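J.: Top to bottom, those sequences are chains A, B and C.
FYI, the numbering for the first sequence is 7 to 230, going by my numbering.
FYI, the numbering for the second sequence is 7 to 217, going by my numbering.
FYI, the numbering for the third sequence is 306 to 542, going by my numbering.
Source of the hints: derived by calculation from the structure; they are not laboratory data.
Since the structure is predicted, the reported quantities are computational estimates derived from the model, not experimental observations.
Wrong hints could be hidden among the right ones.
Going by beta-carbon spacing under 10 angstroms, a handful of chain A positions derived as facing chain B [as the list claims (entries may be wrong)]: (1) I8; (2) L45; (3) A91.
One side only, chain B facing chain A, incomplete, derived with CB under 10 angstroms [unchecked claim]: (4) F39; (5) G71; (6) P88; (7) K106.
If you anchor each label on the Cβ, the simulated ranges turn out as follows [said to hold, decoys possible]: (8) C:P473 / B:P67: 30 to 36 angstroms; (9) B:N34 / C:K318: 26 to 32 angstroms; (10) C:I323 / B:P67: 51 to 57 angstroms; (11) B:T182 / A:T27: 52 to 58 angstroms.
Where a beta carbon is used, it is the ideal one built from N, C-alpha and C, also for glycine.
Each chain is listed here by its residues.
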Amino acid sequence: MILIFCQYFLREFEISTSQVTDILSQLGFFMLIMMLFPLTLGPNPNKLSEYGIALVWIAAFVSVVPAYDRLFTDDYLHGFIEKAAHNDQPLGCYAAAKCLCFFLVTTIPLLIILPVICTMIGLNLSIFFELAISLVLGLFGMTLLGGIASGLVLGARRAAILAAVLVLPLSLPIIIFGCMAGIALIETTPIKPYISIMIAMDLSLIVLAIPIMQLSLKNAIENS
Amino acid sequence: MSSSELAHATLSFTNVTLFRANKLIFKNLNLNFSSGEICILNGPNGAGKTSLLRIIAGYIPISNGMMSLNGQMFEPLKSHLPIWYIGHPFGFHPNLSAAKNLSQIASMRRLSMFDEDRFNVIDFFQQPIRTLSTGQIQRLALSQLLLKSNRQKEALWLLDEPNSTLDSLHCLALETLIEEHIKTGGRVIVAAHQPLCEHLSPQIIQLEAKP
Amino acid sequence: MFNYLANPTRFRKIASFILPFLEVICLLSLGYGLYLALLVSPADYQQGDAVRIMYVHVPSAWLALSSYLLLGICSFFFLIWRHPLAEIAARSIAPIGTGFAALTLITGSLWGKPIWGVWWVWDGRLTSMLVLFFFFIGYISLSNAFDRSERGARPAAILALVGCINLPIVKFSVDWWHTLHQPASIMRSGGISIDTAMLWPLLTLFFSFQIFFIIIVLTRMLTLLNELKYFKQISRS
Numbered sequence: 007m008i009l010i011f012c013q014y015f016l017r018e019f020e021i022s023t024s025q026v027t028d029i030l031s032q033l034g035f036f037m038l039i040m041m042l043f044p045l046t047l048g049p050n051p052n053k054l055s056e057y058g059i060a061l062v063w064i065a066a067f068v069s070v071v072p073a074y075d076r077l078f079t080d081d082y083l084h085g086f087i088e089k090a091a092h093n094d095q096p097l098g099c100y101a102a103a104k105c106l107c108f109f110l111v112t113t114i115p116l117l118i119i120l121p122v123i124c125t126m127i128g129l130n131l132s133i134f135f136e137l138a139i140s141l142v143l144g145l146f147g148m149t150l151l152g153g154i155a156s157g158l159v160l161g162a163r164r165a166a167i168l169a170a171v172l173v174l175p176l177s178l179p180i181i182i183f184g185c186m187a188g189i190a191l192i193e194t195t196p197i198k199p200y201i202s203i204m205i206a207m208d209l210s211l212i213v214l215a216i217p218i219m220q221l222s223l224k225n226a227i228e229n230s
Numbered sequence: 007m008s009s010s011e012l013a014h015a016t017l018s019f020t021n022v023t024l025f026r027a028n029k030l031i032f033k034n035l036n037l038n039f040s041s042g043e044i045c046i047l048n049g050p051n052g053a054g055k056t057s058l059l060r061i062i063a064g065y066i067p068i069s070n071g072m073m074s075l076n077g078q079m080f081e082p083l084k085s086h087l088p089i090w091y092i093g094h095p096f097g098f099h100p101n102l103s104a105a106k107n108l109s110q111i112a113s114m115r116r117l118s119m120f121d122e123d124r125f126n127v128i129d130f131f132q133q134p135i136r137t138l139s140t141g142q143i144q145r146l147a148l149s150q151l152l153l154k155s156n157r158q159k160e161a162l163w164l165l166d167e168p169n170s171t172l173d174s175l176h177c178l179a180l181e182t183l184i185e186e187h188i189k190t191g192g193r194v195i196v197a198a199h200q201p202l203c204e205h206l207s208p209q210i211i212q213l214e215a216k217p
Numbered sequence: 306m307f308n309y310l311a312n313p314t315r316f317r318k319i320a321s322f323i324l325p326f327l328e329v330i331c332l333l334s335l336g337y338g339l340y341l342a343l344l345v346s347p348a349d350y351q352q353g354d355a356v357r358i359m360y361v362h363v364p365s366a367w368l369a370l371s372s373y374l375l376l377g378i379c380s381f382f383f384l385i386w387r388h389p390l391a392e393i394a395a396r397s398i399a400p401i402g403t404g405f406a407a408l409t410l411i412t413g414s415l416w417g418k419p420i421w422g423v424w425w426v427w428d429g430r431l432t433s434m435l436v437l438f439f440f441f442i443g444y445i446s447l448s449n450a451f452d453r454s455e456r457g458a459r460p461a462a463i464l465a466l467v468g469c470i471n472l473p474i475v476k477f478s479v480d481w482w483h484t485l486h487q488p489a490s491i492m493r494s495g496g497i498s499i500d501t502a503m504l505w506p507l508l509t510l511f512f513s514f515q516i517f518f519i520i521i522v523l524t525r526m527l528t529l530l531n532e533l534k535y536f537k538q539i540s541r542s
């Protein structure tokens, strides 16, 4: 099982490294959204740093959500998923590897430019580490939800916008607790409870999302 | 079922009916596919050739009836019988090279690379799939059947229009490959418009188009 | 019992038999409930007559929530036993649930204007209802997003189940968020400390809304069944 998982993961990794422009454009999108906030809220540094955490969260979410419909669509259209159904391991293994790779590929570049973004909107860099942890936990859960949505919309019309419509209401708990962790950071109250809740949500999402993705992928094959 | 039993098992359809999107594709189909036999599905477009292959591959559930292997219920995706469905879309990623795609499939299904390059895929092995022609992709897809393992002998091959885009040289290679496979007890089911392997006196199944 | 009712022909027979009775019950209880709510029940000493919006608002909210639950149950039956009637039920419930959720939001906003002075307040209950509304919207758009209509049934059913699991978590997190940002400054509508003079019309109206809901769902189900039968006949001839 672990061997096959690694195989799938390597395959995904090779595919995403062959499409570096996708990663870069998503990163550019993130920075552009961040640039919009000072232009709309005004350049007042106090105001910006007050809202900073929420802005980072919104920009991170908005920049990854449009990518979710791509998660399984390519492999579905190329027929890879139905071929993978004949491998010894269940499709859930494939889905998990795909989500993990997608998560790493979207999150790591974001974390790399996060310090720059933080300085630009006047967030204190001392909270950077905790902010990064909460963002990583949030985006991990988001990726699993995105995987569910992406599996469900396979073969649908206008799948991209539909996936976004499905993901955002489902992801409210994540964004709420993520932002609360951020607020607690600024107010220097303990953020541990929020982080624990987010870890709990992520873990239960792993258990929940993998069988659901497997079910929806199987269903998509039956109807292709 | 042990693998020696699997090797000689007969795959049979009893009263298989398939509806897709409230449309009847075929009704009460009774078929037998024994090992060491090639079976050719014939019929006009829309008669259900691809659907039949996809049923056997386990992609489409049947609406009614039963699919069995030696009298036991046959669930293709859970069975130990190795199944190769070679049909469009082939499952290759357009950005990766032919070699990469093939070696990924080999490692995922725990097979080793072939020794004999019968479909001459070496010529374009390092090129990404998106630069290949339809015939070349077809040859690469058929090369999957050459991948080796000790269980490949009994494998069930489901080939959807394998020879429609091949040149005569590679058609011949395909025929030889099929002949060798059924001589060692394999099963081959082909949906084809062009004649294939006529010297092996294949079982021909004529599917009819529904109005 | 379930299997007995799950036969479409039998279902159609029973449903068309009980529908007229339900309609009579609904009309009577609605009339009585409205009489109680609008004329008999006292006006609130703080809110005045505006409190009467509650008699529409609260039953709609209960119904919106319970119809999502029912949607989840039907989807579960459809996923496990692949029963077509469960799918038809789910498809019939979804737009009605959306309607009740929208009604809750609208009446909540109308009620909010005289009480809070603004049309919309990010109150915990209203916010969760808004999320519920989006869950319904997601369900409906997913089930209609495919070229072949029956193709959307299973993805939508899976989504409804995920939503059912997610809904309590959303409720919990929204409550948490709400207490953090606005510590108990807003009056709680329809709490336990409600006077019997108000409780009685509320329950009567809730009952009549419930019957109304059943009537519409049954009618929609019958229509969808007839439509299915009609298309089958067309494709055969």
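J.: Tell me, which hint numbers fail for this structure?
T.: 1, 2, 4, 5, 10, 11
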